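As they're listed, the protein sequences go chains A and B.
At position 89 of the first sequence (counting the first as 1) the number is 89 in the working numbering, and the numbers step up by one without a gap.
At position 113 of the second sequence (counting the first as 1) the number is 113 in the working numbering, and the numbers step up by one without a gap.
It is worth saying that the hints were derived from the structure and are not from the lab.
No false leads were slipped in.
Simulated restraints, written as ranges between beta carbons of each label pair:
no.	chain 1	residue 1	chain 2	residue 2	range
1	B	Met87	A	Gly97	46 to 54 Å
2	A	Arg119	B	Met87	30 to 38 Å
3	A	Asp106	B	His28	38 to 46 Å
4	B	Ala100	A	Val121	22 to 30 Å
5	B	Phe21	A	Ser82	41 to 49 Å
6	A	Ala71	B	Lys4	19 to 27 Å
7	B	Pro16	A	His85	45 to 53 Å
8	A	Thr160	B	Val67	13 to 21 Å
9	B	Ala100	A	Leu100	44 to 52 Å
10	B	Gly81	A	Pro76	45 to 53 Å
11	B	Val67	A	Glu3	47 to 55 Å
12	B	Leu19	A	Asp48	24 to 32 Å
13	A	Tyr102	B	His28	37 to 45 Å
Short derived list, chain B residues pointing at chain A, Cβ under 10 Å:
no.	residue
14	Gly40
15	Ser45
16	Leu49
17	Ala80
Just so it is clear, the structure is predicted and the values come from calculations on it, not from any experiment.
For each residue, glycine too, the CB sits at the ideal point set by N, CA and C.
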Amino acid sequence: MIELIDVALLCMMAVSALAVLWLRNLFAVAMLAGSYSLMAATLYVVLDAVDVAFTEAAVGAGISTVLMLGALTLVPHEEKPSGRHALSGLVVTVGLGALLIYATLDMPSFGDAGAPVHRHVANRYIEDSAAEVGLPNVVTSVLASYRGYDTLGETTVIFTAAIGVLAVLGWGGRPGRRRPPADGETRP
Amino acid sequence: MREKPILRVATKLLVPFILLFALYVQFHGDFGPGGGFQAGVIFASGFILYALVFGLDFARDALPAAVRRVGMSCGVLIYAGVGVAGMLTGGRYLDYSVLAADRLAGQHIGIFLVELGVGLCVFTALTTIFFVFAGRNRDLGPGD
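Work the whole structure out from these sequences, hints included.
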């Protein structure tokens, strides 16, 4: 049953990814990208990674879609046909894809208990985090305590992103440009 | 979108619950899925919904630029400050065990504060990014 859900979700993700490539209507592309993220989030739930699914649904399906729609209000809604298909691009993409698939042949099979990722620190987190950190949610223990430096770095990245956007698109209110509320409009 | 009554009423009903859910995700992240990052994103999405329906001017009144910028910096400072507090109380940087007499209580306090910093930073940073981008659009209102 789980395999059926996996296959159905992956097929839907593949179809939306292809549709994103083919469609020229950018509004539809933004919406499809959002639904792609939502399906990825569902896939993470099936894989029992609820924390990741939560983030994917909130950021990938929610905020990014809104940001893309915000960008769409500044550009035309139809993508201009480029008129030519670059053969070199196809060759590079297919070559890189083949290389990546070749690289996955070396990876341990899915769910292999002997895989390096399950033998490194994961056992310590699962077995000892209740005594060392004491939180029921091991993911929070890992993110906030064991990997506190990483999370500090991630928070700084978010902060830097906002600072960068402000630096490029402008600081502070420009006086005089603020529009007064239209007549008869009630404040919420 | 300012003259659509259904959207306005539905938004007014939804926003408090979105913010409440974000607070639940923030403070329940130790016990269930969620945490500061997700809570910050959900909190921001509440304000983004408000801005989309009522316009940027009202959203800016509710969440002024100064508050967002101070909140952004405070989020990172809270996180880094917890690390320094651990050093001052005799541990290493970002070692929460020394923050309280009991090891586990110290861990709990440290994680709570750190997640609070993450949530605050993510919330204010994302709303800032959205407000600045949306401010480029004449229909929603002037720039940030």
